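Required output: the full structure, derived from the provided sequences and hints.
2 protein chains.
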Amino acid sequence: MSRASDQAYATIRAHLLSGAVKAGEQLTEDQLAQITGVSRTPVREAVRRLEDELVLVRSDTKRLFVADWSRDDIEEMFTLRQMLECHAAERAAKRLTREQIAALEQVNRDLTAAVEQSPPDVVRFLDANRAFHEVIIEAADSPRLGQLLTRLVEAPVVLRTARTYSQSDLRQSARDHDELVAAFAARDPDWARAVMGSHLRRAFHTFAKAVGPRSDGAASDKDGGDA
Amino acid sequence: MSRASDQAYATIRAHLLSGAVKAGEQLTEDQLAQITGVSRTPVREAVRRLEDELVLVRSDTKRLFVADWSRDDIEEMFTLRQMLECHAAERAAKRLTREQIAALEQVNRDLTAAVEQSPPDVVRFLDANRAFHEVIIEAADSPRLGQLLTRLVEAPVVLRTARTYSQSDLRQSARDHDELVAAFAARDPDWARAVMGSHLRRAFHTFAKAVGPRSDGAASDKDGGDA
DNA sequence: TGCGTGGTTATTGTATACAAAACGCGCTCG
DNA sequence: CGAGCGCGTTTTGTATACAATAACCACGCA
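Top to bottom, those sequences are chains A and B.
Following this note's numbering, the numbering of the first sequence begins with 1 at its first residue and continues without gaps.
Following this note's numbering, the numbering of the second sequence begins with 1 at its first residue and continues without gaps.
Take the hints with a grain of salt, since some may be wrong.
Unchecked claim - Pairs of lysine to any residue residues, derived as SDA-like cross-links and limited to a Cα-Cα distance of at most 20 Å, are as follows:
hint: 1; chain 1: A; residue 1: 62; chain 2: B; residue 2: 5
hint: 2; chain 1: B; residue 1: 62; chain 2: A; residue 2: 6
hint: 3; chain 1: A; residue 1: 94; chain 2: B; residue 2: 72
hint: 4; chain 1: A; residue 1: 94; chain 2: B; residue 2: 76
hint: 5; chain 1: B; residue 1: 62; chain 2: A; residue 2: 48
hint: 6; chain 1: B; residue 1: 209; chain 2: B; residue 2: 62
hint: 7; chain 1: B; residue 1: 62; chain 2: A; residue 2: 41
These are calculated hints, taken from the structure and not from any lab test.
Since the model is a prediction, treat every value here as computed from it, not as a measurement.
Pasting the structure below:
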């Protein structure tokens with residue numbers, strides 16, 4: 001995209017990621033313009049993108065806030081992501097070229113290396129993880145699917161990345177990726193879908209655990225409901 | 001949203017819907033500003049929304065065109081919509097209030113009336129159809145799901161509404177809705193999902209038939225001017 | 001004291017002017 | 001005759017000024 005609005009987008013994201021502003025806090029376009037060093041026009045463009053990703057939200061009267069995702073929000077997001085990304089895995093299994101599979105292997109080697117460092121290099125892990133999923137989405141060859149997933153995937157990362165990941169979680173993630181590659185290499189769409197499903201569902205639980213360790217000591221999850 | 005950009009959005013949509021511009025044709029922001037009667041700023045906002053919906057697309061060098069959906073594009077869209085809207089139907093079946101079910105019945109009565117006119121009132125049909133699906137999405141109580149579906153649903157309508165609908169197609173659609181209401185009244189998520197699935201898949205075929213009488217048509221479309 | 005009300009400030013929305021980038025055309029040069 | 005290049009024009013991108021609207025605060029009145 002355009003230079004300034006891209007920069008604004010990246011800078012605002014980085015700013016949120018840095019933890020400098022808390023969830024629920026108000027932001028103003030002027031503020032963001034100052035932070036990003038561009039005028040309000042491209043800032044508004046960037047803000048729109050972040051609104052689409054539900055990283056930022058507007059009040060009923062158009063005031064701008066950092067989104068505050070509840071556990072339910074996160075579950076919803078992971079449910080949708082699972083639905084779409086399982087579909088993507090299935091399609092990818094039928095379409096991935098040998099080169100793309102090799103690329104996935106390479107990316108996952110890098111991811112594994114990042115995980116096995118001590119301490120694990122979380123930033124590198126996240127980068128590799130994103131790259132991995134991007135290859136799959138690319139191979140799924142469904143532009144709209146890719147567009148929808150992009151929206152879903154980025155938001156929670158931005159909003160919650162301050163949190164810590166345990167090394168065992170990261171290792172399991174790497175193993176999931178290995179098995180996905182195996183499913184792809186076998187050209188088995190059902191296998192790929194299944195692995196992707198459990199991968200994401202586990203990721204949700206890992207994520208949710210960190211979000212709401214529920215200070216109230218009683219039952220961890222009341223309020224069943226949803227499906 | 002804001003007054004002017006909303007108006008721009010609606011006006012541009014109406015303009016496309018009117019068939020005044022053909023798929024693949026170039027548009028300029030200035031042009032649209034003139035048409036909508038507002039300045040380029042809100043036009044750009046509206047254009048961005050339409051880009052999100054893939055009604056408008058930009059070339060690699062940011063020039064603006066009316067999207068030209070291929071049959072594959074349409075199939076992709078319906079596949080995704082089916083995936084998401086089946087999920088919505090399932091959730092809605094568990095959540096719809098008696099009032100909402102009554103509303104669906106009312107909407108579908110209206111839809112049926114529109115269909116049974118001769119000639120059928122297609123605009124009224126489309127309105128009722130949209131209202132029907134909106135109630136379901138609302139009841140699914142999943143904001144992100146709603147957001148994603150909105151994007152998917154609107155585009156093909158805008159791009160292809162010039163086409164004619166056969167009365168039998170419309171009637172079948174009305175029957176599907178009736179069965180959906182029955183599934184909802186029975187609070188049967190599986191039934192609701194199944195009906196929604198067949199409803200949308202049939203809709204795809206109806207739609208695709210009009211777009212390209214055959215998928216591997218010999219010489220139907222030359223040079224996809226896409227961008 | 002509680003609540004409405006008016007004005008003041010903060011914030012978003014829109015218009016316009018200008019800057020940058022891309023397209024197209026004609027011209028030159030091989 | 002054709003290919004590449006320069007320049008004017010078109011189109012998009014950005015900054016800034018201004019308008020509209022919402023939040024805030026203080027004040028007065030019951």
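Check: Given the proposed pairing of residue 62(B) with residue 41(A), does the C-alpha separation stay at or below 20 Å?
Finding: 17 Å, holds
Note to self: Check whether the Cα positions of residue 62(A) and residue 5(B) lie no farther apart than 20 Å.
What the structure shows: Cα-Cα ~14 Å, so holds.
Note to self: Next pair to validate is residue 62(B) with residue 48(A); report whether the Cα-Cα distance is within 20 Å.
What the structure shows: 18 Å, holds
Check: Are residue 94(A) and residue 76(B) close enough, with their CA atoms no more than 20 Å apart?
Finding: With Cα atoms ~16 Å apart, residue 94(A) and residue 76(B) stay inside 20 Å; holds.
Notebook entry, point to check: If you draw a straight line from the CA of residue 94(A) to the CA of residue 72(B), is it 20 Å or shorter?
Noted result: Within the cut-off at roughly 17 Å; holds.
Notebook entry, point to check: Going straight from one Cα to the other, do residue 62(B) and residue 6(A) come out at no more than 20 Å?
Noted result: Holds - the C-alpha atoms of residue 6(A) and residue 62(B) are around 14 Å apart, at most 20 Å.
Next item on the list: Given the hint that residue 209(B) pairs with residue 62(B), test it: the Cα-Cα distance must not exceed 20 Å.
Entry: With a Cα-Cα distance of about 32 Å, the restraint between residue 209(B) and residue 62(B) is violated, given a limit of 20 Å.
Hint compliance for this structure: hint 6 is the single one not met.
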